[in-house]
Each structure stands twice: as C-alpha cells, then as structure tokens.
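Line by line, the protein sequences are chains F and L.
Just so we're aligned: the first sequence equals residues 47 to 247 in my numbering.
Just so we're aligned: the second sequence equals residues 47 to 247 in my numbering.
By construction, these hints were calculated from the structure, which means they are not laboratory data.
Honestly, I wouldn't trust all of these hints.
Heads up, the list lumps identical chains together, so a pair's fine if it works in one copy or across two of them.
[Claimed, not checked] Using 20 Å as the maximum straight-line C-alpha spacing, the simulated SDA-like pairs for lysine to any residue come out as follows:
(1) K81 <-> E193
(2) K81 <-> R187
(3) K111 <-> G194
(4) K81 <-> P153
(5) K81 <-> V217
(6) K111 <-> F216
(7) K81 <-> D152
(8) K111 <-> A94
(9) K111 <-> E221
(10) K81 <-> W150
(11) K81 <-> E221
(12) K81 <-> G219
(13) K111 <-> A79
(14) K111 <-> G219
(15) K111 <-> D228
(16) K81 <-> L149
(17) K111 <-> S151
(18) K81 <-> R144
(19) K111 <-> E229
Here is what each chain is made of, one letter per residue.
2 protein chains.
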Amino acid sequence: MTDVAPGRRGPGRPAGAGDTRQVILDAARAEFAAKGYDAASVRAIARAAGVDPALVHHYFGPKEKVFVAAMDLPIAPGDALPDVLAGGVEGLGERLVRLFLSLWSDPAFRGPMLGMLRSASTGEQGAAMLREFVSGAMLGRVGAVLEGPDAALRVNLAAAQMVGVVLLRFVVGVEPLASATDEEVVALVAPTLQRYLDGGS
Amino acid sequence: MTDVAPGRRGPGRPAGAGDTRQVILDAARAEFAAKGYDAASVRAIARAAGVDPALVHHYFGPKEKVFVAAMDLPIAPGDALPDVLAGGVEGLGERLVRLFLSLWSDPAFRGPMLGMLRSASTGEQGAAMLREFVSGAMLGRVGAVLEGPDAALRVNLAAAQMVGVVLLRFVVGVEPLASATDEEVVALVAPTLQRYLDGGS
Chain F
47 MTDVAPGRRG
57 PGRPAGAGDT
67 RQVILDAARA
77 EFAAKGYDAA
87 SVRAIARAAG
97 VDPALVHHYF
107 GPKEKVFVAA
117 MDLPIAPGDA
127 LPDVLAGGVE
137 GLGERLVRLF
147 LSLWSDPAFR
157 GPMLGMLRSA
167 STGEQGAAML
177 REFVSGAMLG
187 RVGAVLEGPD
197 AALRVNLAAA
207 QMVGVVLLRF
217 VVGVEPLASA
227 TDEEVVALVA
237 PTLQRYLDGG
247 S
Chain L
47 MTDVAPGRRG
57 PGRPAGAGDT
67 RQVILDAARA
77 EFAAKGYDAA
87 SVRAIARAAG
97 VDPALVHHYF
107 GPKEKVFVAA
117 MDLPIAPGDA
127 LPDVLAGGVE
137 GLGERLVRLF
147 LSLWSDPAFR
157 GPMLGMLRSA
167 STGEQGAAML
177 REFVSGAMLG
187 RVGAVLEGPD
197 AALRVNLAAA
207 QMVGVVLLRF
217 VVGVEPLASA
227 TDEEVVALVA
237 PTLQRYLDGG
247 S
C-alpha cells in the first residue's frame, strides 16, 4: 500500500502504515479541536495530514469513526445504538439503561469518556465538540424514532438522567447509588426514560 | 499552605483579622483535601492554622460553612434547602427543579460549582470530597423527609436527573435543552423528581 504523506516529509523518509495512521489521527485531533465536530471535514483532515481523503476513509471509515479513533474512544456509540433502537419505542427505556450501565461499568470505556467530559468542562472548544458529537451521533438517532413536537427535548432529558446516573454512580461514587445492583438501578430509572420516550409526564 | 499561622509567629507579629481568616481558609482547604469532608475536623483546621477552634466557628460557623467558604462556593446548599423542604413532599419535585435552575442560571454560582466538578473528575481526592459533601449536606436532608427502604437511592436518582440537566443545559449546551424555557424544563422534569420522591416507578 502506498500511503506516504508526501506533503510533510522530505524525500528519502518514507512512512510506514502505522506512521501515516498516526499522522492522520494527529491532524484529526487538531481539526476537531479547531472547528468542532460539525465543521470538521475528512477532506481538511486529509489535507493537513498530506494524504488523500480516500486513505483516511480506508483507515477509519466516515467522519464519526475518525472522531472516535482520534478521541481514543473505545467504541463508536453508533455501533451499539442500532440494536437497541431496532426494537422500537416499547421497552426502549430499559434497553438504554442497560446499554449505559454495561458500557460505563467497563473501565476501558469510562476512562476515555471521562477525558472527554473533563475537556468539555474546561473549555468552550471541548464543550462544543462534545455537544455536536453527542447531539449528532447519539441523541439524533434516538430522537428520530420518537414522535411529538418536544421529542428532541424529551430525548435530552432522558440523556440527562443517564449522564447524571453514570456521573454519580461511577465518577463521584455517591452512595447508595454507587453500590446498588444494576437491577435496582434499572427498576427505578427505566420507567423514567420510558416516560420521556413515550411523551413526557 | 503558607507558614504564617499565628501560632508560629514571633511575639511582635500579631495577625490582622483578614490575615487570620485567610490562614484559616488555607488550613481548611489543606485539611479537606487531605482527609475528605467527613474526616476533616474544625479542631484540626484550627490546630493547623494555629488558632482556637472557637475562632474558626466565630468566623465561619460549623464545618459545612467552613467548607463552603474554603471552596469559595457562593451559597451554602443548606441555606436554600430548608425552605424548599418545609413544604413537605407534595410539590417538592417542582420546588427542587426551580431551585436548581435558578441557582445554576447564575454565573456566580455556576463557576465555583464547575470548578468543584472539574476537580472531582480529575482525581479521587476531589471526588471523595464532593461525594461526602453532596451526600451529607444535600442528599441527606432531602432523604430525611422521605419514607421507604429505597428512599436514599431514589434521592440519588433525583439528584442524578438534576445533575444531568444542569450539565447538558448549562455546561455542554445540548439543544434544545440549552434554549428551552425554565417552564418547559419544569413541566417535564418536575414529574420525574416527584415520582422518585413519592416512591419510585
């Protein structure tokens, strides 16, 4: 595979595939940080890395996957959501709670997500990036299966419930939430999410 | 910690009141950071500051108020809660949502609280301090007016809902939650809190 990044290298310094991959990720981080998730483009990332956009796609896939790789996220949220959403609105609250709890109970997921949250709380740039990614890649997909004029707001509030649960349970460690079983949490939180998804109060 | 505690001064170097106040606050910050909220004591803070415990109480009041002053929090949560709790469980969900929204919409409150959240997300020590303070000074008081074996867990989940709402609305800025009116948020969130306070699902 000829994946040299000629724009940045002197002659006689060919890059290996691992090297190119890293150059693209560095360029992607800089692009997302500078423009936010929405305005960033695979084309601009490729240009900064000195490679063809097709090569970026070959390594990482579409923009969402480039973001996930650049931010070192352990999974693309879009990978798990389709299964959860496929069952329709009925029981969706419980499936979402279980998905969140299982993801966040894994330190390999929690670490990078906390890094993102931290950068979001320290600067507007990080907040914008997280906001756009969460809105576009996650909430938008859930909202798309709901009905009603306030569907988007209700999805926000369901997300707020889960964000708060993972923060207090896994980060701050508030008791008894931190030590409660998944089943105890699901029993109380799933109906809350379901009511938001079904149409609110 | 500075080393200007009065106890360690030479005889001809009396401290002014402002100076002593600052010495106590520095000692308090060090004590809370070293031991967490629960294990920290006014006595140990006074000893580190080289003053009598009665002087700490004279300047700041009980430990909760010393903490609020040391962390530069704009209000003591305990100051607002009694009014909100005085009305009993009926309508408490709505009163709590309105209290949270009005506090967090004030940048003078939001700034210091975000600083605390940030330090909680960057280290176990900060997390422990926040956890103990939130549990003791806030959740404990709400839980005390509720009944049922899972009252404490339900209060945690109500708090999780509000923590998530303020994070997504005021920090991350997720739309449409960030631009929704208080009334729109109250209409959807108050019933959620009320159900947790009334006994869950």
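Going through the hints against the structure:
1. With identical chains, the CA atoms of K81 and E193 are never at most 20 Å apart, being 32 Å at best within one copy and 50 Å at best between copies.
2. Neither within a single protomer nor between protomers do K81 and R187 lie at most 20 Å apart by alpha-carbon distance, with minima of 23 Å and 44 Å respectively.
3. Within a single copy, K111 and G194 get their C-alpha atoms no closer than 30 Å, and across copies no closer than 46 Å, so neither meets the 20 Å cut-off.
4. Taking the closest pair of Cα atoms, K81 and P153 never come within 20 Å of each other, the shortest separation being 29 Å inside a single copy and 26 Å across copies.
5. In this assembly of identical chains, the alpha carbons of K81 and V217 lie at most 20 Å apart only when taken from different copies (18 Å versus 29 Å within one copy).
6. Taking the shortest alpha-carbon separations for K111 and F216, neither the intra-copy value of 26 Å nor the inter-copy value of 28 Å comes in at or below 20 Å.
7. When the C-alpha separation of K81 and D152 is checked against a cutoff of 20 Å, the pair qualifies neither within a copy, at 30 Å, nor between copies, at 28 Å.
8. For the identical chains of this complex, K111 and A94 are intra-copy neighbours only, at 18 Å inside a copy versus 53 Å across copies, given an alpha-carbon limit of 20 Å.
9. In this assembly of identical chains, K111 and E221 lie within 20 Å of each other by CA distance neither inside one copy nor across copies; the values are 36 Å within and 23 Å between.
10. Taking identical chains as interchangeable, the C-alpha atoms of K81 and W150 are never at most 20 Å apart, the minima being 28 Å within one chain and 28 Å between chains.
11. For a Cα distance limit of 20 Å, the shortest separation of K81 from E221 across copies, 18 Å, qualifies, whereas the shortest one inside one copy, 40 Å, does not.
12. When the C-alpha separation of K81 and G219 is checked against a cutoff of 20 Å, the pair qualifies only between copies, where the shortest distance is 16 Å, while the shortest distance within a copy is 34 Å.
13. With identical chains, the CA atoms of K111 and A79 are at most 20 Å apart within one copy only, with a shortest distance of 16 Å there and 40 Å across copies.
14. For a Cα distance limit of 20 Å, the shortest separation of K111 from G219 qualifies neither inside one copy, at 31 Å, nor across copies, at 23 Å.
15. For a Cα distance limit of 20 Å, the shortest separation of K111 from D228 qualifies neither inside one copy, at 30 Å, nor across copies, at 36 Å.
16. Taking the shortest alpha-carbon separations for K81 and L149, neither the intra-copy value of 28 Å nor the inter-copy value of 31 Å comes in at or below 20 Å.
17. Proximity of K111 and S151 under a CA criterion of 20 Å is satisfied in neither setting, with 23 Å inside one chain copy and 35 Å between copies.
18. Taking the shortest alpha-carbon separations for K81 and R144, neither the intra-copy value of 34 Å nor the inter-copy value of 35 Å comes in at or below 20 Å.
19. Taking the shortest Cα distances, K111 and E229 never come within 20 Å of each other, neither inside one copy (32 Å) nor across copies (38 Å).
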